[in-house]
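Trainee: What follows is the residue order along each chain.
Number of protein chains: 2
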Amino acid sequence: MRVGKHMDKPRIIKELAAIVGREWVISDPDELTVYECDGMTFLEKARPDVVVLPDSTEQVVEVVKFCDREQLPFVPRGAGTGLSGGAIAVAGGVMIGLNRMNRLLEIDLANQRAVVEPGLVNIALTQAVADHGQYFAPDPASQAASSIGGNVAENAGGPHCLKYGTTTTHILGLEVVLASGEIVQFGGKTLDCPGYDLTGLFAGSEGTLGIATKVTVRLLRRPEAVKTLLASFRAMDAASEAVSQIIATGIIPSALEMMDRHIIRALEAWLRIGYPEGAGAVLLIELDGPAAEIEVHAAQIEQMCVRHGALDIRIARDEQERALLWRGRKGAVAAVGRITHEFYLQDGVVPRTRLPQVLRDVEAIAERHACVIANVFHAGDGNLHPLICFDSRREGELQRALAAGAEIMRLCLAVGGSITGEHGIGLEKIDFIPLMYSPDDLEAMRRVRAAFDRSSRCNPGKLFPAPRSCGETNISYRPHRIEREGLTQRY
Amino acid sequence: MRVGKHMDKPRIIKELAAIVGREWVISDPDELTVYECDGMTFLEKARPDVVVLPDSTEQVVEVVKFCDREQLPFVPRGAGTGLSGGAIAVAGGVMIGLNRMNRLLEIDLANQRAVVEPGLVNIALTQAVADHGQYFAPDPASQAASSIGGNVAENAGGPHCLKYGTTTTHILGLEVVLASGEIVQFGGKTLDCPGYDLTGLFAGSEGTLGIATKVTVRLLRRPEAVKTLLASFRAMDAASEAVSQIIATGIIPSALEMMDRHIIRALEAWLRIGYPEGAGAVLLIELDGPAAEIEVHAAQIEQMCVRHGALDIRIARDEQERALLWRGRKGAVAAVGRITHEFYLQDGVVPRTRLPQVLRDVEAIAERHACVIANVFHAGDGNLHPLICFDSRREGELQRALAAGAEIMRLCLAVGGSITGEHGIGLEKIDFIPLMYSPDDLEAMRRVRAAFDRSSRCNPGKLFPAPRSCGETNISYRPHRIEREGLTQRY
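Chains U and C, in that order, give the protein sequences.
According to my numbering, the first sequence is numbered sequentially starting from 1.
According to my numbering, the second sequence is numbered sequentially starting from 1001.
There may be inaccurate statements among the hints.
Stated by the list, open to error - Which residues of chain C face chain U? A few of them, derived with a C-beta cut under 7 Å, are: (1) Pro1290; (2) Ala1370; (3) Arg1447; (4) Val1448.
Hints in this document: simulated from the structure, not taken from any laboratory.
Computed from a predicted model, the values in this text were never measured in an experiment.
Virtual Cβ for every residue (Gly too), placed ideally from N, Cα, C.
Please take these sequences and the hints and turn them into a complete structure.
Mentor: Okay, here's the thing in structure tokens:
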């Protein structure tokens, strides 16, 4: 279906230019390099044949209808910060970049609603309503760059979704252009619109059901007060026991993050945060809500950390100190980038109560595959982010990293968890989703996809593996794409 | 497709009996009377040809496969407490009652999860985990009778969903038997499972996508403290302004309910609650959370109510007094039942900020149609429940009540709301959903339905009207079914 092979590319460019304007069509191979991958850069890259940057729903409709007529695949793309390869044009075709559609269309402060275009950067929405004491809750690490449309596609999470829920919780309505070019409205401004919850279905559908061109979101009011604590422990076990106890008391911190000794060491070497000597685990705990409430909870949490042998507990006294405590957490992934040539950032979920055991098992996996696995994660909701370090220039390291990643996924499933918490399946985990769902379960999802896009031209090759052929009867772990195809791109 | 007309009913009964046992097949016309409607009793009734009461997923599968072979429609039914006619067998066929499948299969207190069968009564789950300080949050008025499967089908709400969300928020996974008899798993025990959120899609699908045979739910921990206030006002306006201000400060009460003068009068005449003389509106406000927090919030709310001219504010001092304050609210609908021959319980949603205006408009609608409309509703989330009083024995009253109901729905839509908050579309609002969604929007929903049930044999005739014929181009209000067909059944 690639444009170049069987079709008249100049004509296609000309027709697309007639819709969006010549300057918003990119077809030069060098310029297309920017679009050959998203935030997942080490497994597979693929150039779209052409990129278009529409400026309105009407232009999106025309582009999509053009793709329909020409039977071309298309891939919607926001800011390209996704971590599972969801925005990679594996089948070539037309990439539809939504960055120009970044308007804030409507703000209704009294009812805490906003309507935005998909290209609006996450943080820009919060900035626009900050003076009125409101904000948009989803806060993925990418929030300064990622677009709200992309957040919807991946159902993005973030440290504060422990208390406030992932993106799906904050999206009430969508205007969607289907693969046929039809415009449909899902949901609306009220919670729980009648009929099927297609807004919820679309959130996390990873660009496979159509292109959202308007997003109606819920805004939250800034809490009265925020309190941020940093507790250091000698070892992960004690820190995870503290996490379990905090949650067991019924306190729901707005964030509850953990970092292990590898992260601590990397951060100290870089930012000199000043973690205590001998700290093998750090908890960053944030509470928000009425001042009266968080005072009480902070004191309880402090006691619990002490009881679990905390070496040190720091409480931010002001916004500046709070920023400092977060600086380590926010710099954690970058810090690991300084100590390894490449890393494979995994994303799995385990029941909170299994955290201590799972963390020990991850350590055993690291030993078995002779690699360093650094852990920084959303401990409160059991969402692990192991950073598996490797250097693809050294024979076998990438393969070992991938094997370790696969073992971590199977470990998560074995304890009743999930292979992804917030990064999505995309390309990265497409061979693993059959470990989580039966062929019938996946078939139900495929049928839903077909209900929106019969010919699978909207972001093909994502989310589900191709249906099994009749002869193939066992679902078992298959060597990952990269091992099969020997791709070894630089991270 | 009715069994009786073209088919060999004795054979069908025999084959169904072979699956579930003879005593669990009901075909006697008198016994079937119980199954001719659900909680919506005044618009339309219809007897299924046969009712089966399976005891296991396997039996459900066999019954559904049998329906597939015989091309019979089937209707899943929980406790039959639904208010929009979702469980009425309008096309006849087989009704599949899930009441025997009421087991609590698994409780995981540490991770706050439970797995239940669909027939388990809502309150029974809370009772089972109450000693451990946990509960199942959705609390529809029917919770002592309604089943969790039915709550899922209707995405049931309740007074406390203002803070805790409707049923969909509390459902993580489902085992579903599709119309083909296939068993599929949606979601799981972790939040935000990858792939399409079919659990969320199924919640609120009103029995049209299949039969849930296992439900994985989230349990919440009982809050540390609860505080319940009753504030009386001279008029609705002042009370709704108080509601707006409470919400605007960022406080989210766990419940925020309003009752108008009709309800107050009816309750006084019956239960002698002791509302102050001259009260034209009452707010029931409940706060829950850490004791420290709710003390502060209760004081703020008290001040706000005083500022808006509250005649009287009562704060429950203990559980007994709390129960007393709730007694009025919980008895409100029954109290209205004592002062009118019949009533039509509406369910609409408006943006909170439009409440004062909308309540005045509802009053004008009542005057215009010369009927009493009593209002008891979830003010905090703008979910109205007008009770339109009528006596179908008197010429024209039912028609006027239905016309008033239709006007209220259009009023809700005109201010940017929804035609149903928690009761669903079912049969009752099937002619009104086109006022809310365009033909293309409805077509998208129909395609999703077809993805699960190509021949629409699973609860046919619900949720969407039949697709319009080509000649019909305007979506406009059509006289309601009852007016067309002249049904005047006793409520």
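Trainee: Please go over all the hints and tell whether each is borne out by the structure.
Mentor: Okay, the hints, checked on the actual structure:
no.	hint	verdict
1	Pro1290	holds, 5 Å
2	Ala1370	violated, 29 Å
3	Arg1447	holds, 4 Å
4	Val1448	holds, 5 Å
The structure shown violates just one earlier hint, number 2.
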